[in-house]
Every structure is written in structure tokens, then in C-alpha cells.
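Novice: The whole structure should be built from the sequences, with the hints applied where relevant.
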Amino acid sequence: MSNDWYYASGGAQQGPVGIDDLKARHAAGQIPADALIWREGMENWKPLNEIPELATSPRLLTGGNPGTPAPAANPVGGQIYAPPATNPYAGAMGGGLGMKPPTYLWQSIACTLLCCLPFGVVGIVYAAKVDGLAASGNMAAALDASNKAKFWCWMSFGATIVIFVLAALGGALGA
Amino acid sequence: MALRKWLVIGLALGAVAMAALVRGNFRGLPPCPLHSTTGLYCPGCGVTRATRALMHGDLVTALQMNAVAIILMPFLAIVMAREIAAWGWQRPEWRPGTGGRWGIRLGFAIIIYGVLRNLPGFEFLRPGGG
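Here the protein sequences line up with chains A and B, keeping their order.
Everything in the first sequence is counted per the working numbering, starting at 1 for the first residue and increasing by one.
Everything in the second sequence is counted per the working numbering, starting at 1 for the first residue and increasing by one.
Read the hints as simulated data drawn from the structure, not as lab findings.
Hints are not guaranteed to be accurate.
Unchecked claim - Here are the simulated DSSO-like cross-link-like pairs (lysine-lysine), alpha carbons at most 27 Å apart as the crow flies:
1. 5(B) with 148(A)
2. 129(A) with 5(B)
3. 100(A) with 129(A)
4. 5(B) with 23(A)
5. 46(A) with 23(A)
None of these values were measured; they are calculated from a predicted model.
Specialist: Given below as C-alpha cells:
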């Protein structure tokens, strides 16, 4: 579940998305083979067709021509797509592209009200922190709070499903 | 890979089918493990009974069981439908806004509601009015 891929589309940075999302959007024609892609750990933005993990895409197998000159690593002159920093959100903030991690606030509230376990409350507490941390520029902490809120939502949901299944099994065995 | 989309559609159809199956002879969900072990009332306590009352057209009983959940239900249904559709169809622009400061206040209000339900003098907040 690593949603850590970014891509450039229409002059703006998009993401983070999972690698499967990225492949799906590429297969659907939403992301061309020469779109710039970046993930944490990469030194710079690279065209999609130069990234080994994405090279399994069918379009690349048919159309991939090693002789084609690769597009410049950053055709817009390094201004629109801020150079990736150690923090994936730092570039987005500097470029004013407005990318914030999701808060998971609604999911936490729904879990708190619908799942009879206190995990949703933990989710609300973390969800409440996300926007404030993002606004103060501490994107790593905002992302961390976002991930924790998401984790506790799934804990709440998962525990409730387990209880229902156990109760259903118990009912079936008892009857 | 439109797998997510079909997962969402499949689960939605499954929920409708299950609702049709149990219709008329709903025996309730298993009792809340938190309440049966600790006796505490969480913010969601009474939601099942409230929903059941609502399905029988009994709004008064529904509000007595969990007024906060019943009042928030239309709102939560809309935002969660948007979140789930955005996830399933991979359209981030469909996601609802975060609600900003008011969203956070709502979240903490629900936590406070859960605390108050357990305090003496606030028995009227408990399912069935205490």
C-alpha cells in the first residue's frame, strides 16, 4: 500500500498515488508515456517510459523504442516542477501546488459513530492534526498524522467486521 | 484495472441484497463488546437501535437512541459516498472538503458527546434517555 508516486499532468504535480493507480491511469491514456514521474528516493523527475517499475505497461512493450530520444528531464526549465526534496511535499509547497495529505476526518467520524470500539476516537485526534501541520509546513508530520488516522480507521472497521463474523459464526453454531 | 470500481459496486449491491434478505426479521447486531464488558457508552452507542427505529418510521425513538448520529447521518452519508466513489473511480476531485476548523470541531464534539454520555447528570444523552 505505498502511495508514493507522483506524476506531472497539465502543468501540475499530481499524487501521491499507488503504483497500480499509476499503471491504470497510464493504461487508460490519462498519463502519456513521456509524462514526468517521481517517487521518494529518485534523484529527479523521469519520463514514465524510463522507469523500470512501470516498463511492464503494455503500451511500452509495443511502442517502446529505445532509439527515440528521451524528452528532457524537465522540459519546463525546472520551475514548475520543483526539484524533489528529501520531503516529498516540500516541492509542492514551494511551488504553490497545494498538495496536502488527506485528513481522514470524515472516515474517523463515521468509524466512531458506526463501529462500537473506541479506535475511531484515536483517528479523529490524528485527523484533526493533519491540516494544521500541513499549514505550518511540517509536511512529514502531517503525512504521519494522516497515515495514523487512516490506520486507526481501518483498525476500527476491521475489528467491527471481525466481531460481526465471530457473532455470525457463534449464532450459526448455536442454532 | 478497474478493480476498485467493481469492488465498490459489488459491495453496494451486496449490502442492498442483504438488506432485502433480513427485511422484516432483523434480529439485531451482536451486542457492543465495549458496552458489555465495561458498561461504557461510546459515541456510537444506540446507532443500530436508532437506525432500526428510523426504518420503522419512528423518528422519536431514533432520536432517543442516538440523536447525534441521526442528525449527522445524511451529512455523513454524502461525504462517505463521495470518499468511496473518489477511491473506487480514482477521481480525487470527487473527494469532499476537509471541513477545516469546523470539521475538527465536529470531530471533538463527538468525542465530548461520548464522554458526557457516561457522566452523571447527562443520562438523557444515553440510548433511550438513560
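Novice: Hints the structure violates: just list their numbers, smallest first.
Specialist: 2
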